[in-house]
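Number of protein chains: 2
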Amino acid sequence: MLKWNIPLTVTGKCNGETWVVTEYTIVKGGNMLWKLEAMEFPLSYHISVIGTSGLIAYGGFFQICRPKKGEKVFVSAAAGSVANLVGQYAKLFGCYVVGCAGTKEKGDLLKGKLKFDDAFNYKEETDLISTLRRYFPNGIDIYFDNVGGDMLEAVVANMNTYGRVAVYGAISDYTNLGKRATLNMIDVIYKRIIIKGFLSTDFSLNEIKDFMSTTTNYVCVGKLCVLENISYGIEIIPYAFIGLFQWRNVGKKIVQIAEE
Amino acid sequence: MLKWNIPLTVTGKCNGETWVVTEYTIVKGGNMLWKLEAMEFPLSYHISVIGTSGLIAYGGFFQICRPKKGEKVFVSAAAGSVANLVGQYAKLFGCYVVGCAGTKEKGDLLKGKLKFDDAFNYKEETDLISTLRRYFPNGIDIYFDNVGGDMLEAVVANMNTYGRVAVYGAISDYTNLGKRATLNMIDVIYKRIIIKGFLSTDFSLNEIKDFMSTTTNYVCVGKLCVLENISYGIEIIPYAFIGLFQWRNVGKKIVQIAEE
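Residue numbers (the numbering used here), protein chains in the order written: chain A, 2 to 261; chain B, 2 to 261.
Since the hints were made in silico from the structure, they are not lab data. Check before you lean on any hint, since a few could be wrong.
Reference excerpt, derived from the structure (chain A facing chain B, CB under 10 Å, subset only) [claimed, not checked]:
hint : residue
1    : G149
2    : A158
3    : R181
4    : T183
5    : Y191
6    : K192
7    : K197
8    : D203
9    : L206
10   : I235
11   : P239
All C-beta atoms in this analysis are idealised placements derived from N, C-alpha and C, irrespective of residue type, glycine included.
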């Protein structure tokens, strides 16, 4: 039996529901726990670029979307922890990539540091269908969806035949600020669109190995930019968590509790 | 150059748009036309059970839905030209099949002649989510969707993990009587649901050969019940066409213009 002590209990409130960060967790010994091989990376990388975020981006893009070189890829919430990596993988693979985000600064980051082909601030757009038509005059082949709602509807309207939508989040549903996607099923039929939900736990050991070797290599040679947004101290957790739903972050949001 | 003469022009009106059945059609010679091998079947079978309807049912069920024996299959518009065959294929394959239709008579036909495990009249139900939970206490694995709208929403709410939705029609969108499906994308993600549109032209020659040999065999040995609804005379075409959107038919709607 292993036991960690966390020195403080933090109680937060989120959408009226109280949630608690526990002082300690009791886990059974066995294959649930193993010692992390840090591989000379910062520990944070193991929960961002070579952790769950990276796996969702890599597995989702390559296994769920099955891209071909030159295809047109759209990424929403593109400065977020997963989507920024999807865009970078897609560029490295040879796709045309446009991302959207909620501020001009995030758009500049996507086009500059992350080398997206283009980016736009969706908050400055009133007609998403026309906006996407402007950025994708030849249609969208792949959409990596963390948003749902209006954006998903607009993508389906701009999608090419045999388009693929990989869905790993629906933040407009979580927050209730937006509205659920009302899909045009006639488009789905005639364009033979595939919409597929997935989780990080869906990938096989071989797929995970492939992800790890490709990604660690990209990081080591500087081809993949690692975006992390680290706050410090257990007290910050509620603020950090709520920030995810207020689009406050760029890259992976991490709360560091103790020194490495 | 080949030329057929049809003895009459029929003009119909559908949703305010005038459409015309032409007196003759000019088609180029070449590989667009070939002589039909009737194989001792009625000619009508070549546009129903061993024609497009059968191919959509067979290819859609086996290629798009990838069923496993024992899986739970739901079919809407289940007395229709395609869906009645999906249900029959699914039963012959070893699945549990429930269909819905718009009259008690259609439901009786599904349970009786077509050997569905169960059937219900959706017009008698007020809460489709609860209705489906009643017929599928262990959830739905496969949905063959010709309807869209409320029914698709209710299916997603009742779907099992790794559920598949094959979409080949959205009659509630065509008619504007219903409303478009507003999907719960959180369900789509956590249950890893696949929603896939397809057309009869999507299947390979090998898949078509497989469909033909299996289906002609089933028909010859009487395992597959052929439902056709034949009207006579070119003048009936507008009425027959509009009837498709008024759920007037059972099985494949065919207008026969001349004697075989």
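Now the hints, each set against the structure:
no.: 1; hint: G149; in the structure: holds, 4 Å
no.: 2; hint: A158; in the structure: violated, 12 Å
no.: 3; hint: R181; in the structure: holds, 5 Å
no.: 4; hint: T183; in the structure: holds, 5 Å
no.: 5; hint: Y191; in the structure: holds, 7 Å
no.: 6; hint: K192; in the structure: holds, 7 Å
no.: 7; hint: K197; in the structure: holds, 5 Å
no.: 8; hint: D203; in the structure: holds, 6 Å
no.: 9; hint: L206; in the structure: violated, 18 Å
no.: 10; hint: I235; in the structure: violated, 28 Å
no.: 11; hint: P239; in the structure: violated, 22 Å
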